[in-house]
Amino acid sequence: MPSVKTKYFGTLPCAEGAVFDFPQGLPAFEQEKTFVLIESPEGAPLVFLQSIAHESLCFVALPIQVADKNYQLAIAPEDLEELSLDAERQPVLGAEVTVLALISLHDELLATANLMAPVVLNVNMRRGLQAIRRDSRYSHEYPIANHPSQRNAMDAQKNAAEEVC
Amino acid sequence: MLVLRRRAGESFLIGEEIEVELLAVTQQGAKIGIRAPKETVVLRKELKITQEQNAQAARGASLRDLEQAVKKLHP
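Those protein sequence lines, which keep their order, are chains A and B.
Counting in this note's numbering, the first sequence runs from 1 upward without gaps.
Counting in this note's numbering, the second sequence runs from 1 upward without gaps.
No wet-lab data here; the hints were simulated from the structure.
Just so you know, not all the hints are guaranteed correct.
Now the in silico label distances, taken between C-beta atoms and shown as ranges [stated by the list, open to error]:
| no. | chain 1 | residue 1 | chain 2 | residue 2 | range |
| --- | --- | --- | --- | --- | --- |
| 1 | A | A95 | B | E67 | 27 to 37 angstroms |
| 2 | B | R35 | A | E16 | 43 to 53 angstroms |
| 3 | A | M1 | B | A8 | 55 to 65 angstroms |
| 4 | A | L93 | B | Q68 | 41 to 51 angstroms |
| 5 | A | R137 | B | K48 | 15 to 25 angstroms |
| 6 | B | T40 | A | A53 | 23 to 33 angstroms |
| 7 | A | E88 | B | L13 | 36 to 46 angstroms |
| 8 | A | A44 | B | R5 | 46 to 56 angstroms |
| 9 | A | D86 | B | A36 | 33 to 43 angstroms |
| 10 | A | R134 | B | F12 | 19 to 29 angstroms |
A quick note: this is a predicted structure, and the numbers were derived from the prediction, not measured.
In this text, a Cβ means the ideal position worked out from N, Cα and C, and glycines have one as well.
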């Protein structure tokens, strides 16, 4: 089995099924065309998108439904086509796609998830892209671990935004 | 913010060299054409935000810090 050098876990064997092609790379990382999805029990619920080309590049992510259990997909038809998915409807989470929110850690108190631009993986074709939403329903800096009062404030803001939509 | 009202086919200028034309308006949105010098970067704002977010996300953190942060999510 081929192996991959990882930022967080040393060298890992990498199953073919965990390797995803990103034909467009990711915004700001357009040259990075291949990532391995690492789901390790000790890291759960975090998952990791490790670049094959660069050991030092590893995105930390949460399954979108963990970041926000009510998350509604709205992947643009062009993005669905790019992923070889039916552009007429939203794909089925789990069966057709895995959807990840990339995590940024700003300081020890604040981690945010990018719900505006989730990474969508076509699990059957093993192809991925970052699907930027066309609406403004979700934040690109959704606090996932924060001071409770701030979190409630963000939730309230988000609810307000949903009512507008 | 400066607000202009334009109909399809009408345009406006930004400085000497950039022209923005409203090509069509449909229920799905407005189609906009931009004429600008080659060296002018035109980027959807959400793409710029995503680039910045990705750069921030790639900076990473120690695994321990991340786990701590996520533990607060699922105490």
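Please flag the earlier hints that this structure goes against, numbers listed from lowest up. Structure breaks hint 4 only.
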